[in-house]
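Asker: Protein sequences appear in the order of chains H and G. Each step along the first sequence adds one to the number in the working numbering, with nothing skipped, and position 335 is 1107. Each step along the second sequence adds one to the number in the working numbering, with nothing skipped, and position 157 is 188.
What the hints contain is simulated information worked out from the structure, not anything from laboratory work. All values reported here derive from a predicted model rather than from experimental measurement. Please note that a few of the clues may not be correct.
As the list claims (entries may be wrong) - Derived contacts from chain H toward chain G, CB cut-off under 8 Å, selection only:
id	residue
1	783
2	786
3	790
4	997
5	1041
Stated by the list, open to error - In silico DSSO-like cross-links for lysine-lysine, where the CA-CA straight-line distance does not exceed 30 Å:
id	chain 1	residue 1	chain 2	residue 2
6	G	221	G	115
7	G	221	G	170
8	G	293	G	234
9	H	1008	G	418
10	H	785	G	207
11	H	1085	H	814
C-beta atoms are modelled at their ideal positions from N, C-alpha and C, and glycine is treated no differently.
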Amino acid sequence: MRWELDPSPSPRKVLLTYALFLGLALLGLGLLFLLYGVPPLKAYALLLSPLTDTLGLAEVMRRTIPLLLIGAGLALAFRIGFFNIGAEGQLLMGAVGAAYVALFLPPGLWSLPLMFLFGGSLGALWAGLAAWLRARFGVNEILTTLMQNYLVYYLVVYLVAGPWKGQMVFGFLYTDRFPPEAQLPRLGDTLVHWPTLVLGMVAAMGLQVLLFRTPLGFEWRVLGENPEAARYLGLKGGRLILLAALLSGFLAGLAGVGEVAGIHLRLLEPAQISLGYGFTAILAAWLARGRPLGVLLTAPLLGLILAGGDALKLALSMPFRVVDVAAGLLLLGFIGAEALSRRRLVWRR
Amino acid sequence: MGVREALARTWYSQGRALARPMLKLENITKRFGPVVANRRITLEVAPGEVLALLGENGAGKTTLVSILYGLYAPDEGRILLQGKEVRIHSPKEAQRLGIALVPQHPELIEAHTVAENLALGLDLPPVFSRRALVRRLAKLLEGHPLGVDLEAPVARLSAGEKQRVELLRALLNRPKVLILDEPTSVLTPKEAEALFQEIRRLKGLGLSVIFISHKLDEVLAIADRIAVLRAGEKVGEVLRQEADKDLLVRLMVGRSLAPPPKVPPPRAEVVLEVEDLLVPRHGFPVQGVSFALRAGEVLGIAGVAGSGQAELLQALAGLRPFQGRVRFLGEAWPQDPARLFALGVAHIPEERSMGVVEGMSVAENLALRTYRRLAPRGLLDYRIMEKEAEALIGRYGIRTPSPRTPVRFLSGGNVQKVILARELRGGPRLLLAMHPTYGVDVGAAEEVYERILDLVRGGSAVLLVSEDLDEILSLSHRVAALYHGRFVGPISREEADRERLGRMMTEGRV
Ligand SMILES: Nc1ncnc2c1ncn2[C@@H]1O[C@H](COP(=O)(O)OP(=O)(O)OP(=O)(O)O)[C@@H](O)[C@H]1O
Ligand SMILES: [Mg+2]
């Protein structure tokens, strides 16, 4: 008996492996809950509770939006070998851009489009900087994008505590509320700011077409798979990477605009703007195996885990770290399934 | 005499078998999806014997030895080593059992030095110093006929030198069975001779050697027994003394080879002018390169591996900076591979891995130069791409289940055919070719020469760099050599013969 690489697993096998690993992760979770004195079945029910009512679904949806936008862009970036782990920072840049337009430019019909444009551009700029540094000086983008996260983090803290601090907020660290023209419409009384959701779906589908049906995408795939071949063909590697970085930064920026203009309606402390979407989206992109369209599936899945975790926190008032461990366990299950579905067990005496 | 009658008289078909084989394969079958790469293959090899495996591209040779080396598990059949059945789960297990493989494509870690790569084949303590490693390796390799610079980074080695490192690595563990998958594809005759010396020496020590090659002269020179595969099946097995070239060719491809075609004389128009070219590289530079290449002319460049021919070609292909004057059709030379191709300069690179994207399909790889043309309205038309691919697949006899198959699943020779088909198709004005028939079987090589000559007849110029002197001598109008980076010649084909070309390569004199 031995493991062998299986380069083209059948869909059924992939599905079964995922089911198996999900089962294992849930089993582990059950044990964990048992240790805390919570009946596992009740915990499972809570974890899946967001799926049972519209409010819960809305919660899943709300978390899906930024994961979708960022994940689609990251799927592209990772595929061509640009390891952008600064989506969190690019998201915050987008939020800053949106807040600037909302708070300091005269409000009007143009407010929302302008916020998306400006916020997205700031995100693109932020990612583009890392790509430029890599193309020009060979600086590793993993380091730069990571460091850039901290820079924006403190920029936002500075803004909400200093120059942009709201006039009517007293002790709190946030800006004034955005004018109504700068607030995104939502579905009913949920927090689902649907224009951003539409943008995310368009982005995932658009990137898929771009990557697999256009000459530009063709070049991206050549570069990502075999940089030597790209050189041999005379492709402009630096430019291709820059372009992908700009796109992925732009999408992360859009996600930031959506968060502040659709949910919080003001700029506030960075940890409250994003629940680490920029990092969770890395998983969404990775689980989608570098296919932007796949993120349409993986983003809601991760959205459910996040929303289910929240439901657990609220209902059981467990220490919230435990809930994070639970989410982590589930993600680990996915990672294991992803890795194992690409191998096969060969049975021989 | 037909193949069948010839075969009927051979030793093997009379039901003989070895008394005490070192290694025996019984009814090995391996499928990849619908492709049957090996079908019930039975083979054996005795101690101190060299068994040659012959067969067309995609016949299943690499697959068979990969099974022996534990890279694939066979679907059916068993393997016996010295009479005992063994199960080879992994290359590690193969090494433990004393089976070593020199792979078809070097699998060295480019960024590391030769010593570090060799260390991967050694049993080493968990902590050791680099100096101790080099000392130990130097001692192990002392007096070994195949010398290498232990401290050189692998990335700087030529294909031939990498091959040598792979061989040394295989030998470090003192194997009982040594498998060589096309070891001489990139070696000069002299390097190949050194390799044969080594094989004979190992044979004397009682090693069993399995040797895969497409070069029949080599097979006849080194093998004791020759097995021929076709489409996954063993179609014949003969003793060395029963075989001749023609029989082997007929066994392999089912027909005889035509005599080498005649090259028509070149035209007057000058296509490429190179004056005092200097290409900086690690070690010594390539220098003193001056020649003019006319339309319909083939200039062959020979040289011991690592003499700078790869760098010379890379410079002309726009992949490496150079000094000096280069003019193409009277115009300045743009240093940009994409623009060069647009101007009509095709390039068959030294390393196959540079010429294809393994994860992309055969059709996409065939379109690597022309994809822009396939998107008239912004979107790539895959229907046309695949139709064009099918035409090329037919024309060049590329063995692939479909145009959508990733190139990763093609055999080595078929990957080379993909590169050739793509580069030759547009009728380039100038072809820069580095050992174009590397790893291509004799039948297909004949067709490749025919395609290249079609180009030449149509007025294309060809710069042919090859380690195969026969290839150079049979195709070229003029020949030159590189000796330690120095350009020697060119002289006309009429003045050249193997000895003279050999002198140019090894002594740097015309
Ligand atoms: N991993 C794989 N998956 C699918 N098909 C494969 C795989 N490896 C090999 N094949 C197919 O199996 C057949 C035999 O391939 P193999 O590499 O053994 O040929 P070969 O005789 O070594 O040819 P060459 O002389 O070109 O190196 C080919 O048709 C090839 O396309
Ligand atoms: Mg092979």
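Asker: Take a quick look at whether residue 785 of chain H and residue 207 of chain G sit within 30 Å of each other, Cα to Cα.
Answerer: Cα-Cα ~40 Å, so violated.
Asker: When you check the alpha-carbon spacing of residue 1085 of chain H and residue 814 of chain H, does it fall within 30 Å?
Answerer: 13 Å, holds
Asker: Just to be careful: measuring from the Cβ of residue 783 of chain H to every Cβ in chain G, is the smallest value less than 8 Å?
Answerer: 15 Å, violated
Asker: Using the nearest Cβ pair, does residue 786 of chain H come within less than 8 Å of chain G?
Answerer: 17 Å, violated
Asker: If you draw a straight line from the CA of residue 221 of chain G to the CA of residue 170 of chain G, is it 30 Å or shorter?
Answerer: Holds: residue 221 of chain G and residue 170 of chain G sit about 25 Å apart, inside 30 Å.
Asker: Classify the hint on residue 1041 of chain H as holds or violated, based on whether any CB of chain G lies nearer than 8 Å to its CB.
Answerer: 43 Å, violated
Asker: Are residue 997 of chain H and chain G close enough, Cβ to Cβ, to be under 8 Å, as the hint says?
Answerer: 5 Å, holds
Asker: Regarding the pair residue 293 of chain G and residue 234 of chain G, is the alpha-carbon distance no greater than 30 Å?
Answerer: 41 Å, violated
Asker: Quickly compare the C-alpha distance for residue 1008 of chain H and residue 418 of chain G to 30 Å and report which way the hint goes.
Answerer: 28 Å, holds
Asker: With a cut-off of 30 Å on the C-alpha distance, tell me whether residue 221 of chain G and residue 115 of chain G pass.
Answerer: 39 Å, violated
Asker: Under the criterion of a CB-CB separation shorter than 8 Å, is residue 790 of chain H in contact with chain G as hinted?
Answerer: 23 Å, violated
Checked against the numbered hints above, the structure breaks hints 1, 2, 3, 5, 6, 8, 10 and satisfies the rest.
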